[in-house]
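Colleague: Next come the chains, spelled out residue by residue.
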Amino acid sequence: MSGFSIVPAPVARLPWRMLLLVIGIATFGLVILYSAAGGNVRPWALSQGIRFFVFLAGALVISRLPENFWRQVALPGYALFVLLLFAVELLGAVRGGSQRWLDLGFIRLQPSELMKPMIVLACARFYEMLPPNETRRFGGIWPPALLIGLPAGLVMLQPDLGTALMITAGGLTVMFLAGVPLRLFVGGALALAVAAPLAVNFLLHDYQRNRVLIFMDPESDPLGTGYHISQSKIAIGSGGISGKGFLNGTQSHLDYLPEGHTDFVFATMAEEWGVLGGLFIIIGYLMVIRWGVNVGVQAQSRFAKLTAAGLATTIFFYVAINLAMVMGLAPVVGIPLPLVSFGGSAQMTVFLCLGILMSIDRDNRREKNW
Amino acid sequence: MSRPTRIATEAQQGYTFSRRAWLLGAAQIGVGTVLAGRMSWLAIAENEHYKLLSESNRINMTLIPPRRGWLVDRHGHAIADNRTDFRVDLIPDRVVDKDRTLAALRELLALTDEDMLRISEDLKQAAGFQPVKVAENVGWERFAAVQVRQPELPGVAPTRGFARHYPAGAAVAHLTGYVGSASAEQYKETKNPLLVTPGFKLGKDGLEKTLEDELRGKPGAKRIEVTARGKLVAELSTRPDQPGQTQRLTIDAGLQEYAARRLGTNSGSAVVFDCLTGEMLCMVSMPAYDPNSFSDGISHLEWKMLSADDHVPLMNKVTQGLYPPGSTVKPMNGLALLEAGVDPNERVFCGGALRVGTGVFHCHKRRGHGAIDLRGAIAQSCDIYFYEMVRRLGYDRIAPVAKAVGLGEKYDLPFATQRYGTVPDSAWKERKYKTKWTVADSLNASIGQGYVLANPMQLAVMAMRIGSGKLLQPSLLMDKVARNAPPLPFSEDNLRIVREGMWQVVNGGGTGGASRLYLPGIELAAKTGTAQVRRITMAERRSGVLNNAQLPFKLRDHALFICFAPADNPRYAAGIVLEHNGHTVRNLDTPMIGRDIMTYLFDKEKALKALAQVEPTWGGDIRTRMAAQEAAYRAATEAPAPAQAAATETDAPAPTRAPAVEQATDASNAAQEATVSDIANGAGPASVGTTEPSDTQ
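Chains F and X supply the protein sequences, listed in that same order.
Here numbering that gives the first Met the number 0 is used: the first residue of the first sequence is 0, the next is one more, and so on.
Here numbering that gives the first Met the number 0 is used: the first residue of the second sequence is 0, the next is one more, and so on.
Careful, some of the hints might be misleading.
Unchecked claim - Computed list of lysine-lysine pairs in BS3-like fashion (alpha-carbon distance at most 25 Å, straight line): (1) X:Lys50 to F:Lys243; (2) X:Lys221 to F:Lys243; (3) X:Lys402 to X:Lys364.
It is worth saying that the hints were derived from the structure and are not from the lab.
Work out the full structure, taking the sequences as your base and the hints as a guide.
Modeller: Encoded structure:
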């Protein structure tokens with residue numbers, strides 16, 4: 000929902016409602032990180048806050064770029080990141096062990112992270128170029144399947160199950176929105192239901208398989224991986240409606256909750272702020288995502304429509320998978336809660352998504368106003 | 000939805016997109032709702048459950064051992080109380096430099112290598128906030144030294160706790176038992192964390208064990224907040240302990256200690272009852288261990304010394320020693336004869352021996368007592384009178400009376416183990432040995448030998464019941480005294496005749512003249528007894544029976560004694576048994592010990608004065624003698640430095656359960672069994688020997 004532009008200035012034309020929500024969520028995140036550090040801006044809240052402003056500024060800059068820029072950059076950018084994924088894989092092979100990032104000196108670039116929006120752009124661009132009558136044919140299905148499968152496979156090799164799933168989900172969302180026959184999705188879901196147990200047994204790494212198995216029965220391993228889920232549920236459950244109060248969380252402060260400032264930051268929050276804090280984050284995000292989908296609905300070009308709804312859904316996947324994980328509804332797959340979890344990668348991705356969404360939104364309004 | 004015919008146009012595409020975007024949005028809101036619902040379920044519906052889990056994560060309880068309930072005597076004097084115990088614990092979590100701390104403690108507390116080994120083992124296993132014992136029963140000087148240096152030794156916790164204390168020491172050992180740390184098995188059984196809390200002790204023997212539930216109390220708790228790694232964050236509220244209940248005993252602490260001292264160097268026991276109520280006034284088994292040092296955990300050396308001692312200090316002789324009662328059964332025999340219709344004035348001629356069948360049964364007086372009646376037979380302890388009378392009536396007429404006065408009976412007393420002996424009769428022998436009761440069996444039983452076995456408490460009960468004429472039940476706990484005892488089912492006249500006989504034992508030229516009370520208006524009625532623990536062969540008898548003083552300790556006769564006073568209106572009754580006493584030293588023999596114990600009840604000053612005169616001749620009081628004995632033993636075994644001795648403190652086995660005690664108890668009862676089997680083979684002591692010393696009076 001874009002507001003009415005009352006003041007005739009570029010500032011007034013910004014989607015303030017969404018931005019205020021984002022600033023609200025991120026500020027709440029800083030408060031949580033402050034508490035997670037035992038009532039200290041170091042080591043997390045301060046650097047997270049600085050990063051937030053940098054990325055927010057970046058997103059606003061990006062929003063000035065025209066829609067056409069993204070159309071041009073979609074496929075070459077995709078190709079570049081696939082190459083980077085290969086590079087990471089090679090480096091990882093050289094250095095041994097799993098490697099997810101490239102050290103560029105000034106920044107540690109995690110190509111798989113940026114692959115999440117890139118796959119949406121690439122698929123959207125593909126369907127824009129595809130003649131409409133091809134959409135429901137095989138020709139409209141195998142190229143995006145390949146576009147998705149290549150990076151997802153590479154990420155899976157790293158191995159990073161959570162990111163691979165998100166890349167796949169982002170691409171599939173665009174395919175779904177583009178009009179690929181529903182029965183393929185239904186059939187695919189059925190096939191997955193059959194294949195999943197097999198995949199768990201044969202394709203996953205031991206630690207991944209363990210996580211899945213323990214997710215099914217967290218109490219089977221109260222001191223190992225199941226410990227994360229058990230302690231996270233205790234933190235959320237003991238918070239009650241309004242929480243134990245700011246800085247009063249015992250699960251996080253006494254180190255019972257692992258990763259309380261990164262993947263399990265929501266549990267840290269829930270312990271101190273209760274269901275009310277949780278609803279603020281869930282509803283806040285749903286409104287941001289709804290704004291993004293609406294940007295897509297109002298967009299004129301097919302590329303913009305698919306991109307906007309796809310990117311909004313990418314943000315949705317972050318939030319949904321992370322929350323399902325901390326509440327014990329999904330296995331521990333290492334997806335952070337964007338804007339709240341400490342760490343730059345997810346934040347950067349989300350602001351990239353928001354920047355592109357704002358740039359599409361800007362074009363939408365310009366067209367409307369003209 | 001037919002594939003080939005449907006051709007999408009751009010307009011259709013836009014329509015599909017809008018519909019699917021709406022679907023997607025709806026799905027997202029759906030997922031959001033599910034997540035919000037899940038969160039509410041966890042935090043609202045399951046809130047209590049997770050709150051509890053969170054609290055149990057956060058809070059750890061350190062138990063404070065409860066103060067043990069006191070054992071007090073009938074006048075409220077402490078028999079077992081709690082003294083302040085200075086102890087030093089280590090809280091692993093707060094220790095900064097472990098090696099330096101341990102080295103400092105070692106120096107300050109003079110810890111041994113074994114101690115150090117135990118401490119580092121315990122440290123390895125302990126959770127971070129759980130105190131580990133460094134030393135207990137620390138002297139004030141050392142404790143103060145640790146306290147002074149505490150600021151530079153973080154993690155060291157000098158604490159004032161409570162330790163069990165028995166003011167009378169060894170004198171009450173077999174009454175109270177002792178306390179000690181719980182064994183690993185006990186902890187495994189109950190999983191009660193109190194059992195492994197440093198400083199907690201539970202009853203291991205005696206009343207401490209049987210009254211454990213009442214004495215224990217409820218532990219206090221120190222609640223502390225800890226992190227996931229067990230690091231202490233803050234101390235929360237402390238709940239004080241609830242001390243155990245004080246248990247009031249019928250014991251007279253003064254008498255108990257007096258009797259223990261008066262037994263001197265004997266291996267013996269003394270029990271005194273109140274003839275009006277059946278209250279037990281003292282219950283002494285000497286020598287004994289010091290329950291104070293047992294409760295601190297005794298050394299190997301001390302343990303070895305105690306278990307090797309032929310005076311069996313680890314055995315509670317009062318309830319577990321079984322002895323042939325010897326001539327102390329004669330008043331009871333007399334009562335049974337009277338009840339069976341024997342005329343008390345009927346005389347039996349004692350010529351010193353009686354031939355029954357092929358055997359010859361001797362009286363302890365070789366020349367014989369001449370013609371003697373029932374009172375005289377009790378007073379002079381004439382064996383022939385009872386042989387003859389029991390031969391006529393059969394022992395089956397005697398046994399019911401023996402049981403009625405308390406022999407062979409198990410009393411309702413708070414002791415885990417009571418050996419209650421045997422009152423034989425023909426049915427019993429048939430059952431046990433599958434053989435017929437013989438006349439010889441009757442004659443042996445008639446002088447308290449043969450199959451008859453009793454413990455010292457039963458002898459005292461016998462004296463109490465004959466003296467009072469009531470079926471009194473012995474009691475030890477003040478709130479369990481059974482008042483209003485019914486009269487014995489015997490004629491009061493018959494009881495009076497027996498009491499007259501017992502009066503004569505002391506005051507009418509009988510065998511117990513040495514026990515006469517020097518108190519105005521109070522006379523003692525008693526019966527002496529001697530129990531033989533060896534056979535006297537015909538060859539020995541011909542060449543002259545060996546004097547007890549010439550025999551090794553284990554072969555000497557037991558000396559027994561029962562009495563009550565005042566003779567005309569009994570108030571107190573006592574039973575005394577001295578193992579292998581042999582009647583060798585007059586002031587250590589039963590009559591004079593009996594006299595002094597009874598004197599104490601009527602005139603404390605006089606009794607204490609008498610004791611003060613003789614005690615130094617035995618090597619001092621109990622503590623002095625025990626210390627001397629230990630020093631001698633230590634010197635004899637050349638103990639390899641006190642380091643070895645102080646090691647393995649805590650897990651001293653419980654004496655009553657330990658094999659060593661079983662052995663001691665069995666060995667001392669084995670002598671009796673040996674004589675019993677001799678009797679079964681037809682060679683009872685009565686047929687070949689004497690049972691009464693001719694030198695008493």
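Colleague: Against each hint, give a clear statement of whether it holds in the structure.
Modeller: Each hint, compared with the structure:
A hinted pair counts as satisfied when its Cα atoms are at most 25 Å apart, and X:Lys50 with F:Lys243 qualifies at roughly 10 Å. For the hint pairing X:Lys221 with F:Lys243, the CA-to-CA distance comes to about 23 Å; that is within 25 Å, so the pair holds. This hinted pair does not check out: X:Lys402 and X:Lys364 have alpha carbons roughly 29 Å apart, beyond 25 Å.
Checked against the numbered hints listed earlier, the structure breaks hint 3 alone; every other hint is satisfied.
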